[in-house]
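Using the sequences provided together with the hints, build the complete structure.
Those protein sequences? They're chains V and E, same order as listed.
Our numbering puts the first residue of the first sequence at 59, with every later residue one more than the last.
Our numbering puts the first residue of the second sequence at 136, with every later residue one more than the last.
In short, the hints are calculated from the structure, not lab data.
Check each hint, because a few of them may be wrong.
[Unchecked claim] Here are the simulated distance ranges between beta carbons:
#: 1; chain 1: V; residue 1: R143; chain 2: E; residue 2: P273; range: 18 to 24 angstroms
#: 2; chain 1: E; residue 1: R596; chain 2: V; residue 2: S140; range: 20 to 26 angstroms
#: 3; chain 1: V; residue 1: T64; chain 2: E; residue 2: T180; range: 25 to 31 angstroms
#: 4; chain 1: V; residue 1: R131; chain 2: E; residue 2: A204; range: 23 to 29 angstroms
Glycine included, every Cβ here is placed at the ideal spot set by N, Cα and C.
Chain by chain, the residues run as shown.
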Amino acid sequence: MSEPLTVLRGTLDVLVLKALTWGPMHGFEITAWIEGRATGNLDIIDSALYQSLYRLEARRAINADWGVTENNRRARYYSITSVGRAELRNETARWNRYAETVTGILNTPQPA
Amino acid sequence: MLPPRIRRALRLPLGPRRRVETETDDEIRFHLAARADALVATGLTREEAEAEALRRFGALDEVRPQLLAAAKHREERLTMIKRLDALRDDLRYALRQLRRSPGFSAALALTFALGIGANATMFEILDRLLFRPPAFMPDASRVGRVYLRSPRRDGTERIDNNISYLRYTELRDHTRAFAQTAAVYQDDQRVIGMSNAAEAVSLGLVSASFWSMFDAPPAIGRYFTADEDRPPRGTNVVVLGYGYWQSRLGGDPKVIGRPLRVEGKMYTVIGVAPKGFHGIWATVTAAYVPITAGGFDMLGNERYHLEHNMMWLEMIARLKPGVTSEAANAELTRAFRQSRVDAAAVTSGSSPVTPQSLAVTRGEFAPLPMDRGPKRSASAKVATWLAGVAAIVLLIACANVANLLIARGIRRRREIAVRVALGVGRGRLVAQLLTESVVIAVLGGGLGLALAHWGGGAIRRVLLPDVDWSFVPIFDPRVMLFTTAVVLFTGFLTGLAPAVHAVRADVNASLKAGEREGGGNRSRLRSGLLVAQAALSVVLLVGAALFVRSLHNVQKLDLGWDPDRLLHVRLELRGTGVTGEQERAIMQRALDRVRAMPGVSSASTLVSVPFWITWSDDVFAPGMDSSEHQRTYVINPVGDDYFRTMGTRLLRGRAVGSSDPRDGPKVAVISEAMGKLLWKGMDPIGQCFRIGADTAPCNEVVGIAENMKFGELGDDESMQVYLPATQSRTTGGIVLRTPGDPRAIAQPLRREVQPLLPGMGYASVKPLASVLDSVVRQWRLGATMFTIFGALALLLAAVGLYGVIAYDVAQRMREMGVRVALGAQAADIRRLVLWQGIRVTALGVTLGAIVAFVAVRYVEKLLFDTPAHDPVAFGAAVGTILLVAVVASLIPARRATRVDPVVALRTE
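Written out as structure tokens, the structure is:
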């Protein structure tokens, strides 16, 4: 298994938004959701996730509300807003275009 | 399954900063616990799991402050967004309310526009008169004008801002309070330019130090230096004003070094002042020359810098840091006293200054604007009062709008109660209602600014005709700032009462009651506003009545001459090198031409002109006690036809004029009052008096003329001496009477006379009515503006009263119906409604009359021949407003009498 990849700041924001399209979650649920899909390929420091959450909240891409978990613990639940959905759409499209372009160039066959 | 989301029931009693900290810490703690739980589930021990959770989170002592900072930033942003959202909602809500009743909203905005427009206009005027510092002058509040107070021979005090060059140098050299001093003089009829392009413009004669008072680097070239400004004769250099440079010389940068003819002498252009530079004056100055160069060339006296009796220039000065104006006054007083003592010592034949005279000799350092100094004009005082009046109009407008908003608030009571019941906080509700009145005020403010700019222009020109208003921008930043402040103040002041009134209402009662019952209890607040409106209106109307009566008294005043249809022609021969004899010949030729012109019914030469040019001298009569007869005797050498032209009646004897032979017996006509003063009961005709000194040759009185108002309208002492023009060496100008509008022939007249003048000579023509205009201005101004503002106030008060009573009647229709059903007659109903309006008004009128009675003491000095407690003025004001109150109540009263009891009761 290769080394996990470092996640860029802006990329983490999109991942968080994507996670929240599944429904409101608290911070750890979001981490777990991303880790579950990265299957060990991404190295995310947990505090960076909260930085990302606060950033998104400040620009009203997500909302936060205190709630109670199944274990009766108080947790801060995040949900995506319409602003956040729009941002996710745009960023996803951008990411795909970027990745396709870079992939296309890198996969150009060697000259004979 | 979604976790249950519940709102936090309790808000921790912590400040927002502390709350954010605790919450963030809570969140971190929760995360670490959740992570550890998850790791335990994969088989780690509790200890290992907790350590791993911490590791994954990052170094806590490092990331925790970062997270706290991010959280705080987040909270700030969100709070701001929330406020902006609330504001946007309020604005949207307010606009929706306004759109719902456009007529009502327009009426409110218009009410504000009148009040705000009046205030913006008056602010602009007062700002020019009193506050605005000269452009480019740093720290202008430390710069002031020097005034000198000294006793006249008759014991009254004279205050001079015009002083001699010699006195200026003495005051400059013998005071230490000032960091800078400058001598300045602006003359508005100096001829600049070559032959055809020659024109009379404003010329500034300033000391070299003048430039250092400003932070205004020249547009091109340089200013003159102290070396170029030395008495007796400074260097002939000239600095052009930017406007003159642009309009007459096309803004040509190569103008530096070129010659320019100024009052007949050649000057070299050395620089151009920057755009917008006006020195210390409100008017445009075309060019500036060193005061010692201009003084030498233009004053007609090469010893101008050595003589105390040539009082022409003004001294301005900047206080040294830390020096108070009181200290400057003391120094100026000391220096001025010394200067007077020294002057008396070196002047031959003059007696030493008496200690009594010295005691009342004082210097004074006053603010730069003339109208803030000891010689402020009566017009400025009136303008100050008018600014106060404008403020009152605005207050009335506020009261009016507030009252109408309250009335509507009552109608909206149910709606507001519903909102309160739905959990809208009262603070938010007040904010919403305030937003509404502020929005109206903003609309009114915009409208008011337009009013002030387009409508206020006329007022500005009347109030300050000497100021060049052409460079007033549409959006003057100072006026905009003032107006914005007024708009916000107005909006909040107006909105507060209705908002509080609406929010205070009992929710339960409002929800249960129908709309009908809402207005049953009349609001004390609304009645209070009505009383205040009526009171303020009375004050304004009393002011208007007093000024109207003053103006009326001024206009029916017998001046002893008829100012309408008179023109004065001045021949400017300075700088032409013309001698006395030649001047006399030119004058005669000009007079002949003027007389021959069509549209001139009579003309004469004269020297002294009422309210404009005064030549006065001492008069001595044999056996007369000189101290008892110290007066200002106006000496006026006149030509034939003088009395007929001026419209002054000759009471007895004969006239004098150019028909009297030059070497014949010396004769004179005197005014009636002068004859009475000098010869008591005796017949003045045949008596003899001397002019200038008691050794001068004797003049025999040959005629008595009616008294003339010459220098002051209220002045009853009319001491006039008319001499034959042939027997005086002084030549003056020409006065002529026209059958029609004198302005129509002013230009042809100038063209007719101009060719007679050599080289730099210049003829100027002025209607004498315009001279009188500036004298009458303060009363005309007061009468016009008080009346406009008073009428405005009256209108607003009437609308306010009508609105409130009509609304009340509408609310009480059922009550009226019951009354009618119980047998009340139409007259009873009418009396009931009328009485309601009159009672409120009468209370306001009484209060207003009391306020006016006290306040008029302060305007007494501004009135003419009108007692401040003039019963006619008070009666008229009180009567007018009561009448208006009756009329305003009559319409709702009639509506009340038309109530059909069946209909009124059935609507239940």
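Okay, the hints, checked on the actual structure:
no.: 1; hint: R143(V) - P273(E): 18 to 24 angstroms; verdict: violated, 57 angstroms
no.: 2; hint: R596(E) - S140(V): 20 to 26 angstroms; verdict: violated, 58 angstroms
no.: 3; hint: T64(V) - T180(E): 25 to 31 angstroms; verdict: holds, 29 angstroms
no.: 4; hint: R131(V) - A204(E): 23 to 29 angstroms; verdict: holds, 26 angstroms
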